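Student: One-letter residues, chain by chain:
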Amino acid sequence: MNEHSRSGPRPVVAEIADIEARLEAQNYICNSAIATALFLAQKLDKPLLIEGPPGVGKTELAKAAAAMTGKSLIRLQCYEGLDETKALYEWKYGKQLLYTQVLKEKLGDLLQGAQGLKESIGRLHEFDDTFFSEEFLEPRPLLKALWEPGGAILLIDEIDKADDEFEAFLLELLSDYQISVPELGTIKARSTPLVFLTSNNKRELGDALKRRCLHLHIPFPDQALEQSIVRRRVPEAEARLNAQLVGFVQGLRKLDLKKVPAISETLDWARTLVLMHARELDADLVRDTLNVLLKYQDDIEAVDSEISALVVAAKKEAEWRVK
Amino acid sequence: MTQILSDFIRALRAQDVRISPAEAIEAGQALELLGYENREILKQGLSNALAKSVDEKGAFDETFDKYFEFRSFSGKTPAGAQGEQQPQEDASPDSDGDPGGQQGQGGEGGPPAGGGTGQARGEASAPPDQSAAEAAEADLLEILERGDRAELQRRLAEAARRAGVTDIRFFTQRGMYGLKIQREMGSERLDDMIAEARDSADPAQQSEGARLAALREVLRSEVRDYVERQLQLFAANAGRRLREEILESVRLSQVERTDMKLMHELVRKMAKRLVSLHSRRKKTARRGQLDVRRTIRVNIEYDGLLFHTIWKKRKVDRPKVMAICDVSGSVAQVSRFLLMFLYSLHDVIPNVRSFAFSGQLGEVTDLFEREEIDRAIAETLDRFGGSTDYGEAFETFESLALDEIDRKTTVLILGDARNNNAEPRADILRKIHDRARRVIFLNPEPRNAWNSGDSVMRVYEPCVDRAIVCASLKDLERVVSDLLRTAV
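Protein chains in written order, with my numbering: chain A, -8 to 314; chain B, 46 to 533.
Simulated from the structure, these hints should not be mistaken for laboratory data. Just so you know, not all the hints are guaranteed correct.
[Stated by the list, open to error] Per label pair, the in silico range of CB-to-CB distance:
id : chain 1 : residue 1 : chain 2 : residue 2 : range
1  : A       : Asp289    : B       : Asn496    : 50 to 60 Å
2  : B       : Glu107    : A       : Arg222    : 29 to 39 Å
3  : A       : Gly72     : B       : Ile341    : 40 to 50 Å
4  : B       : Ser51     : A       : Met267    : 56 to 66 Å
[What the hints assert, rightly or not] Dumping the calculated BS3-like pairs for lysine-lysine here, alpha-carbon to alpha-carbon at most 25 Å:
id : chain 1 : residue 1 : chain 2 : residue 2
5  : A       : Lys152    : B       : Lys476
6  : B       : Lys476    : A       : Lys193
7  : A       : Lys135    : A       : Lys54
Fair warning: this is a prediction, and the values are worked out from it, not measured in the lab. Built from N, CA and C at the ideal position, the CB exists for glycine as well.
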């Protein structure tokens, strides 16, 4: 690193800023924390485990990274009961059945002239067996990602929803980018994929998994970042409205709610407000559209009494921001 | 430079951030990639590699800020330019008479940062280390006289490295490390000079001695502050850990009110440990229906003849636990912790029904599910407090829940079996025992106090599978762990 510090320009800082800019070109607004994590994941060839509350753009990051690098995105959605036949590979057993039948017909030709059982078996052994070969392997997402020429972006979504066994089963892939198929042996990645894992922390992930990954925690964005996300995604919302609605959502997140609104909800709300030709926030408008932001009746009722105060606070904040 | 990182990792470990060697190596690679230029980026990158949960991120941020306090990063800030001068300075320790350079270094007076540079220097120039030490001795006085704080800090950090201050664990070690560091810095010579000056009859010499003593005091206070900060960095948790260890084995009835918060924390931690230990074995499979798809797949090898059969697995859930807790004065404290324990284990034992009794018995399951645990306990004590009557409690339990006990149910009874000479009703306990998978009696009293006075342990003991002394958190943990291991 001394080389970096001695030479005037700072390539690392520039590279990270570059990643930030390229992500922004994909409509993904991020901060340097996310860009740094992505930079390290690329340079160190390490999987990136992304945690954070739902709706902060964990999955989106993988998609944006795929678009940014121009690699194909292979996605594996995890759920309870997911096993290797769905995640890794499956034998094409229909074709295998046909193969055995074809083989049976050809068997006569093959064994022609063979004398006795021993020689027949000897002939059979000489015969190149393709029953368990890559031809009959049906690749599932993980294997596809390893086979993808030029490397792929592999997104293992919501890993916390999968079982512990599956987590353990991923370890080989994550540390060595290879998988073992009992009938064939080890299959190595043709070129290293960039792996993203996302988790909502529904359950605590194992240490072994965490150890193999770089860890990025994406919290809810702060006011400035969220404003720029809204500006990018819903450009129709005027600056004042933008600042006000983001301020309001930020206020909501401080309350004790069953489900706090995420970025996607902020965006939905912004679109709703734009559709209603709103130019400014007021308490009635908020009350009418609150169901876009909050998904539980309990939450809506709990917030009801706070709306006026929150709107006033958001306006004040927005006034200051717009200036 | 790796010295800085490994010290940083030690500081992190002291803050309960778990870091494996593999992760440390990764952090080293990240550091090499990112360099020291941009503080924010370095922090993020190391955080990616080292801190792997939200809690750990918090601890990481705090430690990073403390450890790299005042560290100047070249670039953005003007102080950076001076930061780059350091390596040159390090290479030739003799040239540090240049006042300009030292002035510039004032910005990074923070000892941990100084520690970093000092260590880096030690590594870079291992052989001249000895001469550097001599030089330090030679002009320690001069530095003190000049009041050059930056240079003093630099030497201090270097001496601290030689004294191994990062091994500090307890606040009682402050004095020892302080002395060691001062000695490493060459304070002995200064002390000699002071003593000599004081002993002499010459008044001029004596005032010189007083002046030297004042300088000596400056050194002492600098060292003390430095050691204090190192203690914070490397041993912040050691004292707490020691206390936790003691609390784990202290008798629950003896726990001071002031320790309650820590105890709660501890129960939560133990419960978490137990959950992670046992949740993995939760899915013991039992043979169920034929899995047609997988059976066909496996049997292709045999031309479709079904040699191997594969069965769908059925998950077997954890058993039911019923806890009957005495909440009268003598046992209340232990009951409180048992209930806390059981409810912290909700992930592994989903079916806990709890009953509390003293005078009467009542079900408190809802109460604990609804309320904060402290409030629930207070309310339980309020509702069921009174003079203990095991007989009546068992009678009520029989009418309330006996029917629901099946062979998967474990019944825990927590109490001291002091029945105030009332009818013990061991027959009901036997009934419970006959229906349940097993009955465990937990008694917080030491075994030799059982059966003394009005204790009816001798009547109850034959009716239960096990009777165990359960007085400390450790005992409780053992019981609960046992419960989890043998249940299914």
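Student: Each hint: holds or not?
Tutor: Checked hints:
1. The hinted range of 50 to 60 Å is satisfied by aspartate 289 of chain A and asparagine 496 of chain B, whose Cβ atoms lie roughly 54 Å apart.
2. The hinted window of 29 to 39 Å between glutamate 107 of chain B and arginine 222 of chain A holds, with their beta carbons roughly 33 Å apart.
3. Between glycine 72 of chain A and isoleucine 341 of chain B the CB atoms are about 19 Å apart, so this pair departs from the stated range of 40 to 50 Å.
4. A beta carbon spacing of about 59 Å between serine 51 of chain B and methionine 267 of chain A agrees with the range 56 to 66 Å that was offered as a hint.
5. Restraint check: the Cα-Cα separation between lysine 152 of chain A and lysine 476 of chain B comes to about 43 Å, which exceeds 25 Å; the hinted pair is violated.
6. For the suggested pair lysine 476 of chain B and lysine 193 of chain A, the alpha carbons sit about 41 Å apart, so the restraint of at most 25 Å is broken.
7. At roughly 17 Å between alpha-carbon atoms, lysine 135 of chain A and lysine 54 of chain A fall within 25 Å of each other, so this suggested pair holds.
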